[in-house]
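The residues making up each chain are set out below.
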Amino acid sequence: SQQGEEDPQALSIQEGENATMNCSYKTSINNLQWYRQNSGRGLVHLILIRSNEREKHSGRLRVTLDTSKKSSSLLITASRAADTASYFCATGYNFNKFYFGSGTKLNVKP
Amino acid sequence: EAQVTQNPRYLITVTGKKLTVTCSQNMNHEYMSWYRQDPGLGLRQIYYSMNVEVTDKGDVPEGYKVSRKEKRNFPLILESPSPNQTSLYFCASGRDRVSEQYFGPGTRLTVT
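Chains as they are written, first to last, in the numbering used here: chain H, 1 to 110; chain V, 1 to 112.
Okay, chain H solo, but in the shape it has when bound (with noise of 0.2 Å):
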């Protein structure tokens, strides 16, 4: 598969803290996006970082990206319990494809 895979698959966390989750990917990319999900609901864009770029910042997320290692980061500083959701990374390919993973689910608790 060419997906996305995300780790962990959940995490659990107290508000305030912070939260990473990873990403691997199995071959180039053109570049690599994250998205959220809400129970159910639509995926909503979060940040993409293109694949000549190491690391984007946008509020309190942070994104890092390894092409040597095939893998990105999303760090979420501070959070909410509404920072509970899923999370997912998407890969464009040089094809006309889009890949997403799997998923990590974050619950932030009060």
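Where hints are given, some of them may not hold.
Heads up, simulated DSS-like pairs for lysine-lysine below, C-alpha to C-alpha not over 30 Å straight-line [what the hints assert, rightly or not]:
1) V:69 x V:17
2) V:18 x H:97
3) V:18 x V:69
4) H:97 x H:109
5) V:17 x V:65
6) V:18 x V:57
7) V:71 x V:18
8) H:26 x H:69
9) H:97 x H:56
10) H:26 x V:65
11) V:17 x V:57
12) H:26 x H:105
13) V:17 x H:56
14) H:70 x V:65
15) H:26 x V:69
16) H:69 x V:65
17) V:69 x V:57
18) H:26 x H:56
19) H:105 x H:70
20) H:105 x V:57
21) V:71 x V:57
22) V:57 x H:26
23) H:70 x H:97
24) V:57 x H:97
25) H:69 x H:105
26) H:70 x H:26
27) H:97 x H:69
Part of the chain V face toward chain H, derived, beta carbon under 8 Å [as the list claims (entries may be wrong)]:
28) 2
29) 43
30) 100
These stretches of chain H come out as covered by chain V in the derived footprint (C-beta under 8 Å, 3 or more residues) [claimed, not checked]:
31) 14 to 21
32) 27 to 34
33) 56 to 64
The hints are simulated quantities; they were obtained by calculation from the structure and are not laboratory data. Even glycine gets a Cβ: it sits at the ideal position worked out from N, Cα and C.
Fit chain V to the known structure of chain H by using the hints.
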């Protein structure tokens, strides 16, 4: 408001009864696609379209058809639904094949 709409949101049907799930976007996006989401399997791409009259198979196209006669619409057709097509379906659109994707609210389909 920029959005992707899907209809219906919920559908229960019987094996073999043809159905269509509609998808429409108002952002003039060229790239549209359909996904199914199943527990433990994440989202899998069914079909995608690069532009009007240009469609191609994703990872799990068997049992599905699509068409792209207009830029804004991308319906998903199940000619003869089977129980293994019970799933949560999402339509998405993007400016192009590598840009951020905008998702519809989902269609929960049950085939008995």
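Evaluation of the provided hints:
no. : hint         : result
1   : V:69 x V:17  : holds (23 Å)
2   : V:18 x H:97  : holds (27 Å)
3   : V:18 x V:69  : holds (20 Å)
4   : H:97 x H:109 : violated (36 Å)
5   : V:17 x V:65  : holds (14 Å)
6   : V:18 x V:57  : holds (20 Å)
7   : V:71 x V:18  : holds (24 Å)
8   : H:26 x H:69  : holds (9 Å)
9   : H:97 x H:56  : holds (24 Å)
10  : H:26 x V:65  : holds (29 Å)
11  : V:17 x V:57  : holds (23 Å)
12  : H:26 x H:105 : holds (22 Å)
13  : V:17 x H:56  : violated (48 Å)
14  : H:70 x V:65  : violated (33 Å)
15  : H:26 x V:69  : violated (34 Å)
16  : H:69 x V:65  : violated (37 Å)
17  : V:69 x V:57  : holds (17 Å)
18  : H:26 x H:56  : holds (21 Å)
19  : H:105 x H:70 : holds (21 Å)
20  : H:105 x V:57 : holds (29 Å)
21  : V:71 x V:57  : holds (18 Å)
22  : V:57 x H:26  : holds (20 Å)
23  : H:70 x H:97  : holds (18 Å)
24  : V:57 x H:97  : holds (9 Å)
25  : H:69 x H:105 : holds (23 Å)
26  : H:70 x H:26  : holds (7 Å)
27  : H:97 x H:69  : holds (22 Å)
28  : 2            : violated (12 Å)
29  : 43           : holds (4 Å)
30  : 100          : holds (4 Å)
31  : 14 to 21     : violated (count 0)
32  : 27 to 34     : holds (count 3)
33  : 56 to 64     : violated (count 0)
In this structure, the earlier hints numbered 4, 13, 14, 15, 16, 28, 31, 33 are contradicted, and the remaining ones agree with it.
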